[in-house]
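K.L.:
According to the working numbering, the residues represented by the sequence shown are 1 to 404, in order.
Do not rely on the hints blindly, as some may be mistaken.
[As the list claims (entries may be wrong)] Derived BS3-like pairs: lysine-lysine, alpha-carbon spacing no greater than 30 Å straight-line:
(1) K251 x K169
(2) K177 x K193
(3) K54 x K7
(4) K101 x K85
(5) K316 x K249
(6) K396 x K6
(7) K6 x K279
(8) K126 x K85
(9) K177 x K200
(10) K353 x K327
(11) K7 x K230
(12) K251 x K272
(13) K177 x K345
(14) K230 x K193
(15) K54 x K101
(16) K101 x K6
(17) K251 x K6
(18) K6 x K272
(19) K327 x K251
(20) K193 x K316
(21) K32 x K272
(22) K230 x K327
(23) K279 x K327
(24) K230 x K272
(25) K400 x K249
(26) K6 x K240
(27) K193 x K279
(28) K316 x K126
(29) K251 x K7
(30) K396 x K240
(31) K400 x K7
(32) K400 x K316
(33) K251 x K279
(34) K118 x K85
(35) K353 x K272
(36) K230 x K32
(37) K6 x K332
To be clear, the hints were calculated from the coordinates, so they are not data collected in a lab.
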Amino acid sequence: MQKHLKKTVFTGNHSIHVTGSKSESNRLLILKALYPNIEIGNLSNSQDTQVLQKALNQDTSVVDIHHAGTAMRFLTAYFACFTRKSLLLTGSQRMQERPIKILVEALNTMGCHISYEKNEGYPPLKIEPADVLSHHIELPADISSQYISALMLIAPRLENGLKIHLTSKITSLPYLKMTQHLMQDLGFQVDFKENTIHIKHQSNIPNSSFSVESDWSSASYYYSLVALSKDLVIDLYTYKRHSIQGDSKLKELYTDLGVTTSFGDNFIRLEKNPQSLKKDYFEADLNDTPDLAQTIAVTCLGLNLSCYLTGLATLKIKETDRLVALKNEIEKFGAQVEIDENSLKLTPSSNLKSGIYIDTYNDHRMAMAFAPLSSIVEININDAIVVEKSYPDFWKDFDKLANK
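With the sequences and hints as input, model every part of the structure.
P.N.:
Here it is as structure tokens:
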């Protein structure tokens, strides 16, 4: 599916209900598999969440999670500790290129039995039933926070709980804090001090219901659209003033990109504020919020604003190498992009090329991040259906804004 976006003046007042957070939903589904009495409200309708839900409910010897990276990490820990039969956990070709060795080694040290079906350090994984499991583990924290969250989620069902010691600087700390706060809200005992996480065994929980907040990562594309428009106002539902999602930092980041956030009853209102816009240069450390990098880079491109983004080391192991993908696609518009292992530097062009075809690399965020540029130039999005991974209704909602 190719999506043609003609140059459009976005204006007026609009409201959109964004799907529930994929990150919260996927964590809750693992917990619900371990504690079936948990009730989940506003569950994400994303493809990743549907894939995880199906995997948890199927009774087969081969579990294929396709492109769903979170599902791969979470299910590796879940099946390794609790499966009662041999199974193969696999995914798409790109998934088989995404490393998982650190998590596998940690689980095997605990007493699990995981081996590699093809290449060492990568899926597919052959998982056998575990022996008696250790209640203490060490692993580095500078690769993917999902490895650690995967262990946190299964910890309360282990006979002696689990103590996790992190041996390096923590990447994407807000995602670990999300896991912690979500579990604590349900009544789990999670102690997180410095580089040690201690989770006690629990056979039941006092609170059995949780309403998922809408996804802040998905909200970022509307922040970008407001930043690139003149008088567009968007109300996004359903959001909380005090969010456990790290990407809620959007509120502060986009203040410098000319967008004001105000809270109503279960919604946020996005409005243009030209006075707060950085005039010539934007800089941000996105170590805690790397999923916002693509959106922010494209916003700066559209604003003709030079930017320097750091804290991007994890982008190389996402659905694609997002740093390379950003460089490739942004430079099609006439801008210049320099990247290294941890950063991106953008030198924009004052005259963006029109009619560009954007490749998405099987990456939902590439498609959605570039869509707001249609407020400035005509663009085409290749494989636009990839948005189903996290936000299936994105094009329907985006088109609603375009058709005033």
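K.L.:
Could you run down the list of hints and mark each one as holding or not?
P.N.:
Here is how each hint holds up against the structure:
1. About 25 Å separates the Cα atoms of K251 and K169, which keeps this hinted pair within 30 Å; it holds.
2. Between the alpha carbons of K177 and K193 the distance comes to roughly 11 Å, so the proposed pair stays at or under 30 Å and holds.
3. Proposed proximity of K54 and K7 is contradicted: the alpha carbons are some 39 Å apart, above 30 Å.
4. Distance hint between K101 and K85 is fulfilled; the C-alpha atoms sit about 22 Å from each other, no more than 30 Å.
5. Between K316 and K249 the alpha-carbon distance is near 22 Å, which keeps this suggested pair within the 30 Å criterion.
6. Distance hint between K396 and K6 is fulfilled; the C-alpha atoms sit about 15 Å from each other, no more than 30 Å.
7. Proposed proximity of K6 and K279 is supported: the alpha carbons are some 27 Å apart, at most 30 Å.
8. The suggested pairing of K126 with K85 holds, with an alpha-carbon distance near 11 Å, which does not exceed 30 Å.
9. Only pairs whose Cα atoms come within 30 Å are accepted, and K177 paired with K200 is accepted, the gap being roughly 17 Å.
10. The suggested pairing of K353 with K327 holds, with an alpha-carbon distance near 15 Å, which does not exceed 30 Å.
11. Pair hint K7 plus K230 holds up; C-alpha atoms about 14 Å apart against a cutoff of 30 Å.
12. Among the hinted pairs, K251 with K272 is consistent with the structure: their alpha-carbon atoms are about 13 Å apart, no more than 30 Å.
13. The suggested pairing of K177 with K345 holds, with an alpha-carbon distance near 29 Å, which does not exceed 30 Å.
14. Distance restraint check for K230 and K193: the Cα-Cα separation of roughly 45 Å exceeds the 30 Å cut-off, and the hinted pair is therefore not satisfied.
15. Between K54 and K101 the alpha-carbon distance is near 25 Å, which keeps this suggested pair within the 30 Å criterion.
16. About 44 Å separates the Cα atoms of K101 and K6, which puts this hinted pair outside 30 Å; it is violated.
17. Between K251 and K6 the CA atoms are separated by roughly 28 Å; this keeps the pair inside 30 Å, and the hint holds.
18. With a C-alpha separation of about 22 Å, the suggested pair K6 and K272 falls inside the 30 Å cut-off, and the hint holds.
19. At roughly 26 Å between alpha-carbon atoms, K327 and K251 fall within 30 Å of each other, so this suggested pair holds.
20. Among the hinted pairs, K193 with K316 is consistent with the structure: their alpha-carbon atoms are about 29 Å apart, no more than 30 Å.
21. Proximity of K32 to K272 is assessed by CA-CA distance (about 41 Å); at most 30 Å being required, the pair is judged violated.
22. For a cut-off of 30 Å, the pair hint linking K230 to K327 stands: about 27 Å separates their Cα positions.
23. With a C-alpha separation of about 23 Å, the suggested pairing of K279 with K327 holds against the 30 Å cut-off.
24. For the suggested pair K230 and K272, the alpha carbons sit about 7 Å apart, so the restraint of at most 30 Å is met.
25. For the proposed pair K400 and K249, the alpha carbon gap of about 26 Å is at most 30 Å, so the pair holds.
26. Between K6 and K240, the direct Cα distance comes to roughly 34 Å. Violation of the 30 Å bound is thereby established for this hinted pair.
27. As the CA atoms of K193 and K279 are separated by approximately 40 Å, the hinted pair breaks the 30 Å bound.
28. Restraint check for K316 and K126: the C-alpha separation of about 25 Å stays at or below 30 Å, so the hint holds.
29. Restraint check for K251 and K7: satisfied, since their Cα atoms lie roughly 27 Å apart, inside the 30 Å limit.
30. At most 30 Å may separate the alpha-carbon atoms for a hinted pair to count; K396 and K240 meet this at roughly 24 Å.
31. At roughly 15 Å between alpha-carbon atoms, K400 and K7 fall within 30 Å of each other, so this suggested pair holds.
32. Restraint check for K400 and K316: the C-alpha separation of about 33 Å exceeds 30 Å, so the hint is violated.
33. Only pairs whose Cα atoms come within 30 Å are accepted, and K251 paired with K279 is accepted, the gap being roughly 19 Å.
34. With a CA separation close to 20 Å, the supplied pair K118 and K85 stays within the 30 Å bound.
35. Under the criterion of a C-alpha separation no larger than 30 Å, the hint pairing K353 with K272 is consistent with the structure, at around 25 Å.
36. For the hint pairing K230 with K32, the CA-to-CA distance comes to about 45 Å; that exceeds 30 Å, so the pair is violated.
37. Proposed proximity of K6 and K332 is supported: the alpha carbons are some 17 Å apart, at most 30 Å.
Hint violations for this structure: numbers 3, 14, 16, 21, 26, 27, 32 and 36, all remaining hints satisfied.
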